[in-house]
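K.L.:
If you read the sequences in order, they're chains A and B. Quick note on my numbering: the first sequence kicks off at 230 and runs consecutively. Quick note on my numbering: the second sequence kicks off at 230 and runs consecutively.
Derived by calculation from the structure, the hints in this document are not laboratory data. Just to be clear, a hint being listed does not mean it is correct.
Treat identical chains as interchangeable: a pair holds within one or across any two.
Straight line, CA to CA, 30 Å or less: simulated BS3-like cross-link-like pairs of lysine-lysine [unchecked claim]: (1) 232 to 380; (2) 328 to 476; (3) 449 to 272; (4) 281 to 397; (5) 495 to 476; (6) 272 to 380; (7) 547 to 397; (8) 426 to 272; (9) 547 to 476; (10) 547 to 426; (11) 495 to 232; (12) 471 to 495; (13) 426 to 281; (14) 547 to 495; (15) 380 to 449; (16) 338 to 426; (17) 281 to 449.
Note that the structure is a prediction, hence the values are computed from the model and not measured.
Here is how the chains run, residue by residue.
Number of protein chains: 2
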Amino acid sequence: MEKIRIGIVGYGNIGRGVEKAICRNDDMELKAVFTRRDPSSVKIATEDAVVKSFDEMLSMKDEIDVMMLCGGSATDLPVMGPQVVENFNIIDSFDTHAKIPAYFENVDKSAKSGGNIGIISVGWDPGMFSLNRLYAESILVQGSTYTFWGKGVSQGHSDAIRRIEGVKNAIQYTVPIEEAVDRVRTGSEPQLTTREKHLRDCYVVAEEGADKEAIEQAIKTMPNYFDEYDTTVTFITEEELKANHSKMPHGGFVIRTGETGTDGNKHVIEYSLKLDSNPEFTASVLVAYARAAYRLSRTGECGARTVFDIAPALLSQKTPEELRASIL
Amino acid sequence: MEKIRIGIVGYGNIGRGVEKAICRNDDMELKAVFTRRDPSSVKIATEDAVVKSFDEMLSMKDEIDVMMLCGGSATDLPVMGPQVVENFNIIDSFDTHAKIPAYFENVDKSAKSGGNIGIISVGWDPGMFSLNRLYAESILVQGSTYTFWGKGVSQGHSDAIRRIEGVKNAIQYTVPIEEAVDRVRTGSEPQLTTREKHLRDCYVVAEEGADKEAIEQAIKTMPNYFDEYDTTVTFITEEELKANHSKMPHGGFVIRTGETGTDGNKHVIEYSLKLDSNPEFTASVLVAYARAAYRLSRTGECGARTVFDIAPALLSQKTPEELRASIL
C-alpha cells in the first residue's frame, strides 16, 4: 500500500501528538518535522523521518502529501497557513473562533493559487463539537444548543495566573457545573449565565514569602478570565503540582434539545468527550482529516475547507463498501 | 426564496412525521402525498398539498424536487427505492442493516440511469448512530465501539408478542442495562454478552380467559427475540396500554473508548439520543438530508449515497459563511 506522507510543522504538544497518532494509522508515514529551533537540537521519536528547519520545507515538496501545521493560533498560523498551503495540502487546528472567517478567506486564496487543499480549525472545538452543533441544529430546527467544557486544563487561564506577582506556577481547570448540565438535559431550555455554567478551579504554587491572600484576590477579580465565575484557589507545592497536575485532560458536552411535531414531543441530542490527553486527542482528529485532505487533493480539488465541508467517509481507512457493510 | 418541493410516499407514522418536519423548515414545502390507499380516504394536515395514488407520481415529475420514501424496509423499499429514483431524487430510511449493500447497489444503478440522487438508510440507526461510529473509530483507531438502544419501543418485538395465542395487544421496551453502559464508559473495553447489554420489558393485554403463565413462558423462550435476554412480562388492561404506552419513545448510546499515544492515555467519545417520538425524530433527520439531496442534484451529481457521503454543511439552512461565523 502506498502510504500518505506527512510533514509536521512545529514540534510542541500537538506536533508530538501527531507523530504518535501517525504510528496508529497504517496508511500513513511521517517524513519530516520542521522546526524553528536548531534542527540538530530536536530529537523525534520516528527513526525514518528527518528534522529540518522551517526554511527547508520547499526542498521536500515532492515527498510530502500533507503538512500538519501544529503552531499556535495567535501568531503562528495566521502567517504560516496561507504561506504553506501555496505549496502543500495543510491541516491545522486554528481555534480563535472569532477570526475563523478571515483566516478561512486567506487560506482559501492561497490554496486555490497553489492548487492545494487546506482544512482549517480541525480538532474537537472547533472540530467535533462544531460538527455536533451543526448536525443537531439541522435536525432539531427549533431548540437550544449548549456547549460545556471540562473538566479540563485551560492553558490561557493557567498562563494568566502565572503572570500574577508572587506566583511561581499554576494550573487552572475549567469545570462544568453538573446541575446546569442536568437542567439542560431535561429539555427545559434554560437561560444560563456564565457563572451558572462553569466554575474555575485553580492550583497555585506561590513564591516564598508571597502574599497568598493578595494572589487569591488578584485571581478571583481578574476581568474576562475569572471575575464572572465562581473560582476556587488552592495553594500547593511545586512537587504536588508536578505529581498531580501534569496531565492535560479535557472534554465537555454539546447538548441540543428541541421540539418536533405538534404534540410537544421533545428530544435530547448529546455528544460528550472525556479525554485523558487533550493534545493527543486533538492530534488524532487532525490525522483523520489529513486522510481526507489527501483524498480530496488526489481528485483535483483545491481551496480551504472546514470539518463542515468534509464527507465523513473520507476520514476512514475503510472503503465506502466496507463502511456500508460494517458500521452503517 | 424558492422552496424545496417535497413529496411523501406512504402516509404512516414516518410520513406524517415528515409532513410535520417540513412545517418546521422554512425552505421546504409539501406538494403531494402518495398513497396505496384510496386517495380520497386519506386526510393530510397540509392545506396546499394534494393526495394522489402511487401510480400518479410521474404526473408530478416537474413539481417535486425530492421524494421521501416512507414505506417499510421489508417489502416496500426494496421495490420502491430503485423504481422511484429513476424519476426523482429520493430519501429513505431503509434499516435492514444486513441488506444495505445490495439495496445500495440497486438504488445506485437506477439513480445513475435516471440522473438523480438517492440517499438511503437515513435516520438515527442507521443514520446518526452510524455517523458517530464512523467519526469515533476514525479518530480512536484502536478501541472498541458499543451501541446501546433504548429505552424505547421495538415494533418488531411488540409484533412478535402479538402473534402469541391469547395475546390481544402488547408493547415491548428495549432497555439498556445501566451497569453495562457505566462499565463501557470507564474505558475498560469489556466483552459484553447480549444478556448483559439490554433487557426486554413487555406489557401484555391478554384475551379473556387466556393462560397468562403460558403466554409469559412463550415470550421468554421465544428464539432470536427474547431467549437471549432477561425479560420481564407485566399483564395490563387495554385501557392501561392506551393510557400509558401509546407514545413511541426511543433513543440510545454510541460509545467508543480507545487509547492514543504511548503513555496509556484513554478517551471516551459518547453520543446519545433521548427521543419522545421515534418517528418524528427520524422524519426530522430525513428532511435535513432532503436538503442535501436537493443541493447535490442541482450541482449535477447522481447515484446512491448514504449519510457517510454527505458533507455536513449540506444539511443546514445556513450558508457555509454563516456556519463558519456562527457555530464552528
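K.L.:
Against each hint, give a clear statement of whether it holds in the structure.
P.N.:
Evaluated hints:
1. Taking the shortest alpha-carbon separations for residue 232 and residue 380, neither the intra-copy value of 37 Å nor the inter-copy value of 44 Å comes in at or below 30 Å.
2. In this homomeric assembly, residue 328 and residue 476 come within 30 Å of each other (Cα to Cα) only inside a single copy, at 29 Å, whereas the closest approach across copies is 46 Å.
3. For the homomeric pair residue 449 and residue 272, neither the shortest alpha-carbon distance inside one copy (40 Å) nor that between copies (63 Å) is at most 30 Å.
4. Taking the shortest alpha-carbon separations for residue 281 and residue 397, neither the intra-copy value of 34 Å nor the inter-copy value of 77 Å comes in at or below 30 Å.
5. For the identical chains of this complex, residue 495 and residue 476 are inter-copy neighbours only, at 12 Å across copies versus 39 Å inside a copy, given an alpha-carbon limit of 30 Å.
6. Proximity of residue 272 to residue 380 under the C-alpha cut-off of 30 Å is found in neither arrangement, the shortest distances being 32 Å within a copy and 52 Å between copies.
7. When the C-alpha separation of residue 547 and residue 397 is checked against a cutoff of 30 Å, the pair qualifies neither within a copy, at 49 Å, nor between copies, at 47 Å.
8. In the homo-oligomer, the alpha carbons of residue 426 and residue 272 never lie at most 30 Å apart, since the shortest distance is 42 Å inside one protomer and 47 Å across protomers.
9. Proximity of residue 547 and residue 476 under a CA criterion of 30 Å is satisfied in neither setting, with 33 Å inside one chain copy and 39 Å between copies.
10. Taking the shortest alpha-carbon separations for residue 547 and residue 426, only the inter-copy value of 27 Å comes in at or below 30 Å, while the best intra-copy value is 39 Å.
11. Taking the shortest Cα distances, residue 495 and residue 232 sit within 30 Å of each other only across copies (26 Å), while inside one copy they are farther apart (47 Å).
12. Taking the closest pair of Cα atoms, residue 471 and residue 495 come within 30 Å of each other only across two copies (20 Å); inside a single copy the shortest separation is 46 Å, beyond that limit.
13. Taking the shortest alpha-carbon separations for residue 426 and residue 281, neither the intra-copy value of 45 Å nor the inter-copy value of 51 Å comes in at or below 30 Å.
14. Proximity of residue 547 to residue 495 under the C-alpha cut-off of 30 Å is restricted to the inter-copy arrangement: shortest distance 23 Å between copies versus 36 Å within a copy.
15. Only within a single protomer do residue 380 and residue 449 lie at most 30 Å apart by alpha-carbon distance; the minimum there is 19 Å, versus 44 Å between protomers.
16. Taking the shortest Cα distances, residue 338 and residue 426 never come within 30 Å of each other, neither inside one copy (39 Å) nor across copies (51 Å).
17. When the C-alpha separation of residue 281 and residue 449 is checked against a cutoff of 30 Å, the pair qualifies neither within a copy, at 44 Å, nor between copies, at 67 Å.
Checked against the numbered hints given earlier, this structure breaks hints 1, 3, 4, 6, 7, 8, 9, 13, 16, 17; the rest are met.
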